[in-house]
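Generate coordinates for the entire structure from the input sequences, incorporating the hints supplied.
First to last, the sequence lines map onto chains S and W.
Residues in the first sequence are numbered consecutively from 857, following my numbering.
Residues in the second sequence are numbered consecutively from 857, following my numbering.
Derived by calculation from the structure, the hints in this document are not laboratory data.
Hints may contain errors.
As the list makes no split between identical chains, a pair holds if one copy fits it or if it spans any two.
[Unchecked claim] Straight-line distance between alpha carbons at most 30 angstroms, and here's what the computed DSS-like set of lysine-lysine pairs gives:
1. K866 x K902
2. K1034 x K1199
3. K902 x K1002
4. K866 x K1199
5. K1199 x K937
6. K1002 x K937
7. K1002 x K1034
8. K1034 x K902
For clarity, every value in this text was computed on a predicted model and none was experimentally measured.
There are 2 protein chains.
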Amino acid sequence: MSSPRRITLKELAAELGVSTASVSNAFNRPDQLSPALRERILEEAKRLGYRGPDAKARSLRTGRSRIIAVVLAETLTYSLKDAVASELLSGIAEVLDAHGHTLLLLSGRQDASQVPGSSSIADGFIVYGLMANMALVEELQSAGHKPIVAVDFDLGDQPAIHVDNEPASYAIAQHALKTPTSRTGIVNLRLTETPCNGRITSAHALLPTGQTITRSRLAGFHRALAEQDISPDSVAMWNIEENTYEVCAPVLAEILDLPASERPDLLLCMSDRIALTAVTLAEQRGIRIPEDLRITGFDGIEEGQYRSPRLTTVQQDSTEKGRLAARMVLGLESASSHRLPTKLVLGETCP
Amino acid sequence: MSSPRRITLKELAAELGVSTASVSNAFNRPDQLSPALRERILEEAKRLGYRGPDAKARSLRTGRSRIIAVVLAETLTYSLKDAVASELLSGIAEVLDAHGHTLLLLSGRQDASQVPGSSSIADGFIVYGLMANMALVEELQSAGHKPIVAVDFDLGDQPAIHVDNEPASYAIAQHALKTPTSRTGIVNLRLTETPCNGRITSAHALLPTGQTITRSRLAGFHRALAEQDISPDSVAMWNIEENTYEVCAPVLAEILDLPASERPDLLLCMSDRIALTAVTLAEQRGIRIPEDLRITGFDGIEEGQYRSPRLTTVQQDSTEKGRLAARMVLGLESASSHRLPTKLVLGETCP
DNA sequence: CTGTTAGCGCATTCAT
DNA sequence: ATGAATGCGCTAACAG
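Structure (structure tokens):
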């Protein structure tokens, strides 16, 4: 076989003896030509191996590509392995697919040089999580009138989607604190100004309030603690930089290997991944859950529910968050900010 | 603020009193103009908010977009939630990122009408898994000289990446059968001609040999069974259509709820997801692992190793599979087919 | 209902 | 080292 080059619309038109407009209309606007001609064009196109208008030329001409870019705060490699991010993407993909759009993955972590290139092809952007490097996002904002939706953080006056982090954390901590505790520990996620995997001391500065979701979660924990007359300062805190087992494990091992007199009997974790790692390491050490150690998570990922003991956690519907973001970026939903509800899920790790 | 429209290269050139070629060269070919002029252009560009050449126009002109499309056999919504597919994507993204390319997600399940549109924008394709609808893939093949890499199945004479499915399955079954078993059961993944979630009877036709990875895995199981003088026909088989807890659970419940005299004491599962679901449901029923029931998986996903009991499984490095696919599609690796090795991982579910 | 025309924004010859 | 000209493939006005 020898199809040296994709045939073009113009060539097809010439071959058929019709105008390029008719061929274009045959593919794009059926109502603009007679069914008979359309039929003839489509048939001949198939015969000659013409697969429809070229996406590159079409997008240049129309200004639209039917591509929506998702910009992820972390590296793609990491985000794709993270259950929460994957669920979000899953929800986004569901809606985009249903509306004939496709999904381009970008990372806020790339060399700032490359990104602008590919990004100007997208019709809109969903930006997930606070970027370490805001340069890219600022470009997107200034680049024109393309819709931008921020998820889990605020981006100027762009519409944003949030989850009820503070009330949810308050609720789960309140639940956990109903059972008397002698020592509570909090395991945070990306909360310190400078990277830290381990115990948070007074030497560590925390990220500013109001910027990150984990800061809101901490506020909820603290409110519930205060309500029990437990001073937040008396509660030990640890920090974790990356929501993976490998990064979580050493920090949790450090906690669980504390002498029994110092080891917490309640761990408030900021993610299910952290909590699940705690469960695994506790099991390995013969620490009984929940008798010796109660554990709460946050996110409600499937892995935490489809195992035993089931995680006590806050369920945020990341898939729905993705669907909503996609509908907003496609203009199917008002471009105002949304705050999604969460649900307290009582498992066996903290009954 | 009022940036009504993104400024164009031509306008910038006019503003500066230089030719469009110089502006273009300032961004693309630094060696083609004096450093002084280049500096001036870049500076003025930044000042006027010109973010570099438009991706749509640039890709039309050059014929290259720096976008690689990954075509997934299943829906995107499903694939993004699947640990194996996510790891593959993770590996792909890692390499693409490092080489300044971006990742476009396509599904082989979309309305065939939409896909061709967006797909012609990509510089190359990685096709993952046997498509239910081969129409799209046939288009990609005939569409020209863009590189295509097939993963986990064969696509005409395109280069393909495979895993040692048959030997790996043989090895794990052989290991499992070292311990005497009274009743072995096999839980397959997408193996029947027509969809089936449940027991496979003689009424079910299986997919043709050599097409799907699960068929190869079954062959490995059967070879090990035959070696123990166990007739494959005497081994009960079940089938599962989708690698999710929700779909796996009812089928495994059916198996585990068989009267003790009929219930298998060894389950050879074709995926870790199936095996993990079996573990969870067995635990719920007080069936002891491995005393009452031994379980093997396939894939080696993290979830199976970072829990207790750890899964006995075959580890395939999906991330490396993705990296290799990406290097091949970028032309950094010979375009010949590859077969990746696997590793037997002995956990507690089948010591 | 159909055909003609004029760019979309850019990279690349080929002159100078 | 720089500038003028051409067209990548297509769609949207418009004219017939």
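Checked hints:
1. K866 x K902: Cα proximity of K866 and K902: one copy only (15 angstroms, versus 38 angstroms across).
2. K1034 x K1199: within (18 angstroms within a copy, 47 angstroms between copies)
3. K902 x K1002: between (35 angstroms within a copy, 20 angstroms between copies)
4. K866 x K1199: For K866 and K1199, neither the intra-copy (57 angstroms) nor the inter-copy (54 angstroms) Cα distance is at most 30 angstroms.
5. K1199 x K937: Cα proximity of K1199 and K937: in one copy and across copies (24 angstroms, 21 angstroms).
6. K1002 x K937: Both. Shortest intra-copy (29 angstroms) and inter-copy (29 angstroms) distances satisfy the 30 angstroms Cα cut-off.
7. K1002 x K1034: Result: close neither inside a copy nor across copies, 48 angstroms intra and 62 angstroms inter.
8. K1034 x K902: Result: close neither inside a copy nor across copies, 69 angstroms intra and 57 angstroms inter.
Violated hints for the displayed structure, listed by number in ascending order: 4, 7, 8.
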